[in-house]
Amino acid sequence: MLGKGAILVVFGFILAFSMYQVRMSSNVMATADNFNTEFVETMIHETALSAMNFAINKVWQTENTSDSYLFRANSCSSQVDVFIVGADTTQIRVRTWGYLFDTEMQEFRKEERDMSAFLAYNMPVSKYFWFSDDEKGVFWITGDTVWGPVHTNKTIKTDGNPVFYGKVTAKLGFSPDPTSKKNEADYFGGWEAGVEIEIPTDMSSLTNAAIAGNGGAPKNTKSIYDKVVTFDFQSDGSVIRTVSGSPPDTVLVTDIAPTGAIISSKDIRVKGTFNGNTTIYTTGNIWIDDDLVYADNPKNNPNSDDLLGLVAKDYIYITDNAANNTDVHIQAAIMSIERSFTAQNYNSRPIAGIIDLTGSVCQYHRGPVGTFSFGGGIHSGFLKRYRFDPRFSTLSPTNFPYLKSLRLVSWWE
Amino acid sequence: MSIVLDIVGGLFIGGFLMIIALTATDTATTEFYNYNSDAIIQQNLSSMSEVIQYDLRKMGFGIPEQFKSTILQTAQPSHLKFLAHLNSNPICKIGDPNVTTIDNIVDSIEYRVVQFDSIDYVDTMIVTYQIRRDIFVSPGYHSSIGIGIIGNQNAFRYLDQIGRPVAVINQVQMVEVTLTAYDPRIVLSTDWIDSKVNEVGYNEEFRKRELRRLLRASYWRQTRLISKNLKR
Chain A
2 MLGKGAILVV FGFILAFSMY QVRMSSNVMA TADNFNTEFV ETMIHETALS
52 AMNFAINKVW QTENTSDSYL FRANSCSSQV DVFIVGADTT QIRVRTWGYL
102 FDTEMQEFRK EERDMSAFLA YNMPVSKYFW FSDDEKGVFW ITGDTVWGPV
152 HTNKTIKTDG NPVFYGKVTA KLGFSPDPTS KKNEADYFGG WEAGVEIEIP
202 TDMSSLTNAA IAGNGGAPKN TKSIYDKVVT FDFQSDGSVI RTVSGSPPDT
252 VLVTDIAPTG AIISSKDIRV KGTFNGNTTI YTTGNIWIDD DLVYADNPKN
302 NPNSDDLLGL VAKDYIYITD NAANNTDVHI QAAIMSIERS FTAQNYNSRP
352 IAGIIDLTGS VCQYHRGPVG TFSFGGGIHS GFLKRYRFDP RFSTLSPTNF
402 PYLKSLRLVS WWE
Chain B
-10 MSIVLDIVGG LFIGGFLMII ALTATDTATT EFYNYNSDAI IQQNLSSMSE
40 VIQYDLRKMG FGIPEQFKST ILQTAQPSHL KFLAHLNSNP ICKIGDPNVT
90 TIDNIVDSIE YRVVQFDSID YVDTMIVTYQ IRRDIFVSPG YHSSIGIGII
140 GNQNAFRYLD QIGRPVAVIN QVQMVEVTLT AYDPRIVLST DWIDSKVNEV
190 GYNEEFRKRE LRRLLRASYW RQTRLISKNL KR
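One line per chain: the protein sequences are A and B, in this order.
All you need for the working numbering is the position in the first sequence, starting with 1, plus 1.
Residue 7 in the working numbering sits at position 18 of the second sequence, and the numbers go up by one each step.
Chain A on its own, in the form it takes in the complex (with noise of 0.2 Å):
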């Protein structure tokens, strides 16, 4: 009977702790299974995310704006579509699947993720606040504060505490790193290293521009000049115009530059109080000779509708003049496509005051405008107190040249 009895008992165990077992199992399976999902979604958005970078640079290699294809990886697979949703704008679509096993239905379970990045390759220089090819070792220092995106194809330095409100990109990194303990300059804009920008130097666009707007007159009359002309603009949207050799005449901005573009093959002296929106281009030099303000003033009025885009294939010169040695004040955007935006005389020219800026600033080589040492002040040329206008995030002077960069306009996950 004891026997018998003792049988029942640990069978009666067993089939107690059997179930018990089976329901803790079923717990560590739970776990086991949320740990599961959660690896089989982290592959599937990761593959997503190396299929979008796949595709990213393949855009950007090719320029292909349209295409499809299969990508795989890490066990799952991506539907690619690329294709145009805008003028400028390129839709790079994946569709990322992967399988999961559903214990409770026992059962494969199809997961999916959706992505999309719209990318865009063109962009007014002008959106760039400051753009070096080079920035020839000159060092952003404690006091410069920068609004606006700053991009160089070298290395940006700074020493001291200098403020970028803007994002800051340069190719070959900077110094020290922003990483490090070192580094004292506050970048809240963000930065990225390797980033690799051209200035554009195909002018055909401005240079097609102007001869429309020229209409078949002949050259020093309208749009299109082969003499040295000093433009001195007027805030009634007329300009004083003197071409080398002529006298003076006064003429509508308007008139002469009917398409927002003037070219020329020769310098280009430029000052006065501009109204209107318009382009000058040459391929020699630009002379600022005086300030050269907008009628209605950005910093007043953050709707003015005046824009003026100074471009030259060689330097942008702050004349070294009188009218330029008690501070100068500049409302432009301003490039020089192979040299620089710099000071006549920078180092034996007087003390002059500020630069007051206004406007952005491209330059292939960082050019300089005064000379200074560590605690000993300004020796000769300039201070500079240069701001962004930030109409140029989302306007530029008609005409102004365009960098062909691919970047992103949105991101969708």
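Hint data in this document are derived by calculation from the structure and do not stem from the laboratory.
Incorrect hints may have been included.
[Unchecked claim] The calculated lysine to aspartate or glutamate pairs, modelled on EDC-like cross-linking and capped at a C-alpha distance of 20 Å, are:
hint	chain 1	residue 1	chain 2	residue 2
1	A	Lys111	B	Glu39
2	B	Lys217	A	Asp292
3	B	Lys220	A	Glu414
4	B	Lys220	A	Asp82
5	B	Lys220	A	Glu47
6	B	Lys82	A	Asp82
7	B	Lys70	B	Asp149
8	B	Lys217	A	Glu47
9	B	Lys57	A	Asp187
10	A	Lys5	B	Asp112
11	B	Lys197	B	Asp183
12	B	Lys82	A	Glu414
13	B	Lys220	A	Glu193
14	B	Lys82	A	Glu113
Using the hints, position chain B against chain A.
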């Protein structure tokens, strides 16, 4: 006599086995309860995290670069609000079946961590919080739901590119989400806690120590999310 001995022996052994069985059952039930609660908590945290990731990855979608500084509308430790286009085209549309319209009007998502419940242990108060998720999609869709209960009020941290906390909203490049959950026993079984913290009779020091030990066993999950639209 032998029958009596058999009965007595049987009762003794049976009783002994019964005590073992009851103890084992009790232990097994407790362990099952714990494992089950752990699994549920883990699953809840995972689900919450998934929902938050799903939303935060859309942060700033369709907002032009020049208006990047407006993407984050509110960036507080327990309150996050941001802009995004959530129904700008059929491919890039939020996965909510109630959102059926397509337009080009900016939408917003808001997360708030609000107090949910509190458990009083005389000398310690444990507060739990609910994560509220509000979605506003043009022209007039509004959804407000609680996505889960957590143990921390400060769920969001705002970081720069290299993970340093920032104080100014337009310097934010990354959002760190921290979700903690108490050991389920802490929240669900005040009796168990009481029995634990009063194990040696009422002793203030022991209670504090024991409560700290029990609270340390809480679970947490942390995710750093980088919105590519913030990093443009």
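Verification of the supplied hints:
1. Only pairs whose Cα atoms come within 20 Å are accepted, and Lys111 of chain A paired with Glu39 of chain B is accepted, the gap being roughly 17 Å.
2. For the suggested pair Lys217 of chain B and Asp292 of chain A, the alpha carbons sit about 41 Å apart, so the restraint of at most 20 Å is broken.
3. As the CA atoms of Lys220 of chain B and Glu414 of chain A are separated by approximately 15 Å, the hinted pair is consistent with the 20 Å bound.
4. Simply put, Lys220 of chain B and Asp82 of chain A have alpha-carbon atoms about 24 Å apart, too far for the 20 Å limit, and the pair is violated.
5. Distance restraint check for Lys220 of chain B and Glu47 of chain A: the Cα-Cα separation of roughly 19 Å lies within the 20 Å cut-off, and the hinted pair is therefore satisfied.
6. The hinted pair formed by Lys82 of chain B and Asp82 of chain A meets the criterion: a straight-line CA distance of about 17 Å does not exceed 20 Å.
7. A threshold of 20 Å between alpha carbons decides the hint, and for Lys70 of chain B with Asp149 of chain B the separation of about 18 Å falls inside it, so the pair holds.
8. For the suggested pair Lys217 of chain B and Glu47 of chain A, the alpha carbons sit about 15 Å apart, so the restraint of at most 20 Å is met.
9. Annotation: proposed proximity of Lys57 of chain B to Asp187 of chain A holds, straight-line Cα distance about 18 Å (limit 20 Å).
10. This hinted pair does not check out: Lys5 of chain A and Asp112 of chain B have alpha carbons roughly 55 Å apart, beyond 20 Å.
11. Under the criterion of a C-alpha separation no larger than 20 Å, the hint pairing Lys197 of chain B with Asp183 of chain B is consistent with the structure, at around 12 Å.
12. Of the supplied pair hints, the one linking Lys82 of chain B and Glu414 of chain A holds, its CA atoms being roughly 10 Å apart against a limit of 20 Å.
13. Proximity of Lys220 of chain B to Glu193 of chain A is assessed by CA-CA distance (about 10 Å); at most 20 Å being required, the pair is judged to hold.
14. Our distance criterion of 20 Å between C-alpha atoms is met by Lys82 of chain B and Glu113 of chain A, whose separation comes to about 15 Å.
When held up to the earlier numbered hints, the structure conflicts with 2, 4 and 10 and fits the remainder.
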